Amino acid sequence: MNPIISVRGLEKRLRVGKHHRGKLGLLRNLVTREYNVIPAVDGISFDVGAGELVGYLGPNGAGKSTTLKILTGLLVPTAGEVRVNGQVPWKERVSYVATIGAVFGQRTTLWWDLPVIESLDLLQHIYRIPPDRFRRNLDRFRELLELDPFLHTPVRSLSLGQRMRADLCAALMHDPPLLFLDEPTIGLDVVAKERIRSFIRRVNEERGTTVILTTHDLSDVEKLCGRVIIIDHGKLLYDGGLPDLQRRFGGKRELVVDFAEEYQEIVVEGAEVLGREGLRATYGFERDRLSASDLIGRLSAKYRILDLSVREPDVEDTIRRIYKERLLDA
Amino acid sequence: MRLFWELCKISFQRQLAYRASNLAGLVTNLFFGVLRAAILLALYDNREVIAGLTQRDAVTYTGLTQAMIAYLHLFGVNNGLMNAVYSGEVATDLLKPMNLFPFWLAKEFGGSVVNLLLRGTTIMAAYALVFPITLPDNPLQGVAFAVSLLLAWQVSFAFRFLVNLSAFWVLNAQGIGRLAFTVSWFLCGFLFPLRFFTFVVPAIFLNYAPALYFLGQPDPLGLPAFAPFLAPFVGAGIFLAAMRFWQYGIRHYQSTGS
Ligand SMILES: Nc1ncnc2c1ncn2[C@@H]1O[C@H](COP(=O)(O)OP(=O)(O)OP(=O)(O)O)[C@@H](O)[C@H]1O
Ligand SMILES: [Mg+2]
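Protein sequence lines, in the order shown, are assigned to chains A and B.
Those letters in the first sequence? Residues 0 to 329, by numbering that gives the first Met the number 0.
Those letters in the second sequence? Residues 0 to 257, by numbering that gives the first Met the number 0.
So that you can see chain A by itself, here it is in the shape it has in the complex:
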C-alpha cells in the first residue's frame, strides 16, 4: 500500500520569548531578547494509508496542533520530511491546500460577517468548484449536517455547534481526499458531538476520505478511529489499533460487590482488593487469569452477597494511565 501521508523525522522547534518579572525584569525585557526553544514536535514518523481514519492523541501541549499545522502547510518544520499526496505541504502552498480540507476547532475558516451560504459561495470561486458539483455537495451536506436552519445566518451569530457544522461543510465542498480535524468536537454537547462523529464516519466511508483528527474526547476515538497515534512532548509513544492498546495497557477488570454483612477478611485468590467502603468492596482481576464467573463463585462460596457488577476497563482509563504513568515512554 502506498501511503497518502508519509512523515519522517518531523521536528518543529518553537521560540518563546522569555519575560522577566519585577522592575529589573522590565528593563531586561526592553533591552534583551531571550528565547526558550521548545521542541513542540521532536522526531515523529508515521505513514497513513488512503482511506484511514486516524486519531492523533496526546495530553495538552503534546504537539498535536503543531503537527497538524505542518501537515496543512501552515508551518514550516525545522527538520524532517513530509509528503502528502505526493506534495510537500509548505512548498507549493496554493496548489497543496486545494487538495485538503481542514477544520481547526477553535477558529472558523468562514467569513465572520457573511451568512454561511455566502461564505460557501465564495469558497466555490476560491476552489473553482464546478457548479453542478457544488450543488450536489451542498445538498448532501445540508441534509447530513442539518444546515438549513442557519444557512442564511451570519457566521458571527452561530452557536459553536452550528459553526462547527458549517466549517465541516466548508472544508469538504471541494471533495478533498484528505481531511485534517483539530478538535472538531471541542465544547460541543453530547448530541452535537454525536452528529459530528457520524458525519465524519460517513465522509470517511462513503467518500473514502482519509481523516486525521485530534481530540481529547476519547469516545470520539472509540467510535471513529481504527488506529490511534499517541504523542507526548513531541515524541511518538504509540501507533496502532485501539484493541491492541487496550490489551497491552488496559487496566484490570473490576468487580464491585455489596456484601450482606460486615466481614473482617475479604481476600479471595486471584483478585486484588482495590477499595473498600462500608459494605461495598471493589476487586480488580485480570481477564486471562480469572473469569468473572469464577471470581463470583469464589466470593459467594465464602460470603453472603447482595449485589455485584462487573466493570470493563475503558479506553479513557487506559489513556489516562498512559499519559500519567508514562507507560509508553521508551
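Just so you know, the hints here were simulated from the structure itself, not pulled from any lab data.
Taking beta-carbon pairs under 7 Å as the criterion, some of the chain A residues facing chain B (in silico):
#1 L13
#2 K68
#3 L73
#4 V75
#5 V93
#6 V96
#7 A97
#8 A101
#9 T108
#10 H124
#11 I125
Note that the structure is a prediction, hence the values are computed from the model and not measured.
Beta carbons: idealized from backbone N, C-alpha and C, even for Gly.
Mind docking chain B with the ligands on chain A? Use the hints.
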C-alpha cells in the same frame, strides 16, 4: 478573477452598510478640512499667490487631500492583516488556495470605492458650496487626475500591505503602523502643499500628484509630467518587496499556541 470581483462586491456592500461610521467619518473630514482651509487662508494674509498656488488653489488642495483620506486609508495603515498575523487568524486565509495579496487587495478595494464615492465627492461638493474652488479646466487634466488617483490607491495598498507584514517579526506591529502613518502622512504633502518632502518616493504618488493634476499645476520640482504615472512601477517595486517579506515571514511564522 471572478473571485476578485466577488470580494470587491462584498467589501463594497459592507462599507455601504456602515452608515453611521460613514457619516461620522464624513463629518470629521469636513470639519478638519474647513479648519485647514481657514488656517491656510490666514497664512496667505492677503497675498494672492504663495509658491505658485493661489488662495483658491490652496483651499482646493485642502479639500482634495481631505477627500482622499478615506479612499487612500491615509489614517489607517493597519488593514487588519497585522491583527490576523498576531492572532493567528491568518491561518484561515492560508488554508485557502489563493494568493493573499490580490485577496487582501480585493477585500479593501470595494470599500475604498465607497469611500471615494460617498465621502470624497461629498467633501468636494461641500467645498464647492462654501469656498470658491479650482476645477480642472480641460478634460485631459480630469482624466490624468482620475488615473493618478487609481495609481495612488495601488501605491497606498502596496505600502500598507508591506507595513502590515511587520507583524511577522514584531509583536506590536501597531506601533510600526502608527510610525509609518505619521511618516507617510507628513511626506505625502498632506499637511501643506509643501514641496520639501514630497519628492520622497512613494509618498509623492499618494495624494500630492493627483492633487497637482486636479489643480493643473506643473510639478514644482521640475519632474516631467509623466512622472506621477510611474506609480505602477513604484507600486510594483513595493509589491515585490512585500512578496519577499511575505515569503520570509511565512517561513518563520510560528502561528499561535492554540
Ligand atoms: N506559536 C507558538 N509559539 C510558541 N510556542 C508554541 C506555539 N504553538 C505551540 N507552542 C508550544 O508547543 C507545544 C505544543 O503545542 P501544541 O499546540 O502543538 O499542543 P497540542 O498537542 O495541540 O495541545 P492541546 O491539546 O492543548 O491543544 C506547547 O508546549 C506549546 O506551548
Ligand atoms: Mg491543540
